[in-house]
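S.K.: Sequence:
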Amino acid sequence: MSPSWSPKPYTKTPHEMSTAEVLMQARITSGNYNKSSLPIKVTISAEFRKNIPVNNAYWNQRLHQVFEQLDREAVLTSKQLSTFPCLSNLNIPKEISDFDSYPLIYKNFLPTIDCREFPIIINQPQKCAPLQGGGHTNRTFLLVAIKSLPKHFEERQTIRETWGREQVFDGGLRVHSVFLLGSTGENDPDLQLLLNYESSLFGDLLQWGFQDTFFNLTLKDNLFLLWTTMFCPDAQFIFKGDDDVFANPKQIVSYLRSLDAEQASKLYAGQIVTQASPIRDPKSKYYVPKTFYDGPYPPYAGGGGYLFSGALIKPLYHISQALPLYPIDDVYTGMCFQALGVTPLRHEQFQTFDIWEKDRQDPCVHSKILLVHRRSPQQTKQLWNAIHSHELKC
1 MSPSWSPKPY TKTPHEMSTA EVLMQARITS GNYNKSSLPI KVTISAEFRK NIPVNNAYWN
61 QRLHQVFEQL DREAVLTSKQ LSTFPCLSNL NIPKEISDFD SYPLIYKNFL PTIDCREFPI
121 IINQPQKCAP LQGGGHTNRT FLLVAIKSLP KHFEERQTIR ETWGREQVFD GGLRVHSVFL
181 LGSTGENDPD LQLLLNYESS LFGDLLQWGF QDTFFNLTLK DNLFLLWTTM FCPDAQFIFK
241 GDDDVFANPK QIVSYLRSLD AEQASKLYAG QIVTQASPIR DPKSKYYVPK TFYDGPYPPY
301 AGGGGYLFSG ALIKPLYHIS QALPLYPIDD VYTGMCFQAL GVTPLRHEQF QTFDIWEKDR
361 QDPCVHSKIL LVHRRSPQQT KQLWNAIHSH ELKC
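The sequence shown begins at 1 in full-length UniProt numbering and counts up by one.
Hints are computed from structural coordinates only; laboratory data are not their basis. Just so we're clear, the structure is a prediction, and the values are computed from it rather than from any experiment. Don't be surprised by glycine CBs; every beta carbon is placed ideally from N, CA and C. Each hint should be verified, as a subset may be incorrect.
[Unchecked claim] Computed cross-link-like contacts, DSSO-like style, restricted to lysine-lysine with a CA-CA straight-line distance of at most 27 angstroms:
hint: 1; residue 1: K266; residue 2: K50
hint: 2; residue 1: K151; residue 2: K50
hint: 3; residue 1: K358; residue 2: K250
hint: 4; residue 1: K393; residue 2: K50
hint: 5; residue 1: K358; residue 2: K94
[Unchecked claim] Quick list of the computed label-pair ranges, beta carbon to beta carbon:
hint: 6; residue 1: Q69; residue 2: E357; range: 31 to 37 angstroms
hint: 7; residue 1: K290; residue 2: N91; range: 37 to 43 angstroms
hint: 8; residue 1: D98; residue 2: F169; range: 41 to 47 angstroms
Using the sequences and the accompanying hints, generate a full structural model.
M.R.: The following block contains the structure:
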């Protein structure tokens, strides 16, 4: 099913707006709105331009068309970046010679690869709103954004009760959490009423009207960046993670506090994958046909969890609008950061590919790490309780 699918009809509220409507409202509020598409100035690093070869692969060609346009004009407009409303590109089979041999997931993804604007079904516009009284507590220190699926209530509730609960650290450092969701497919149970109720109880769901699939994780990232520029632009840091990780907010905040101003302004940190290339095995979840993309991958942080600077939110969003969507989200994120000229920073306490088996139940080990992937809800609760036990001796 392509991302152009939308959920069953619902009554639109003031917060259920398309991306275009959110942008329009923001421009009207700021007083700089006009009826024409506002240009976005985009600068692509020389390293990224060099890293992606010119060849006949579909994604490579699309990217170099963007480079050529930027070399001519230096700016892109919203009309050049997206199709709205979402329209399928029926010429895709003609543009890729062996398209008929592609897996179904690619056949669903590619015709709507330019669709980036989807309605916000559940919004939290006050999530990062300033508190009364001023002072340091008026700014969000860390925004925790957790990728989830509509059916993963147990994972979300476990995170709320453990490492993802909202809190204020010493010095007034506010930590807020949101869960990022798409919508269920036509053949799946309709969970919308339950999600609406969950949102009314906890106020931490962000949901958009695209089908929540593996290849749409990049789209989810793209829409989250836009949401952040609109509703949480002053967050100092962003943590992006999956709903099956175990994270340690105390260690994360301690690490962020240790950074100097220069490090903090350009942060992109996690467990870094280097010298990677596309997987060509059609049986793999990460399979990439050579006629779709042909070239190396940039260094990137494992998608289970990573940190980046809030100062990069807006330029990262602009870059992500310029680059064609890529079906593997952590690779695409690495591409966007490399295009910005930001070098990923390896942190040895990000363990997105798990730790030694002998340490996987050890609370002392988990008390020192920033993140480990993956842990079930039951394992997360056990580890969290053990770490915070007064009887723990490490």
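S.K.: Indicate, hint by hint, whether the structure satisfies it.
M.R.: Against the structure, the hints:
1. K266 to K50: holds (21 angstroms)
2. K151 to K50: Outside the cut-off at roughly 42 angstroms; violated.
3. K358 to K250: holds (24 angstroms)
4. K393 to K50: Violated, because 51 angstroms separates the two Cα atoms, which is more than 27 angstroms.
5. K358 to K94: Since the Cα atoms of K358 and K94 sit roughly 53 angstroms apart, the hinted pair is violated (cutoff 27 angstroms).
6. Q69 to E357: 31 to 37 angstroms: This hint is violated: roughly 50 angstroms between Cβ atoms.
7. K290 to N91: 37 to 43 angstroms: violated (20 angstroms)
8. D98 to F169: 41 to 47 angstroms: violated (53 angstroms)
Checked against the numbered hints listed earlier, the structure breaks hints 2, 4, 5, 6, 7 and 8; every other hint is satisfied.
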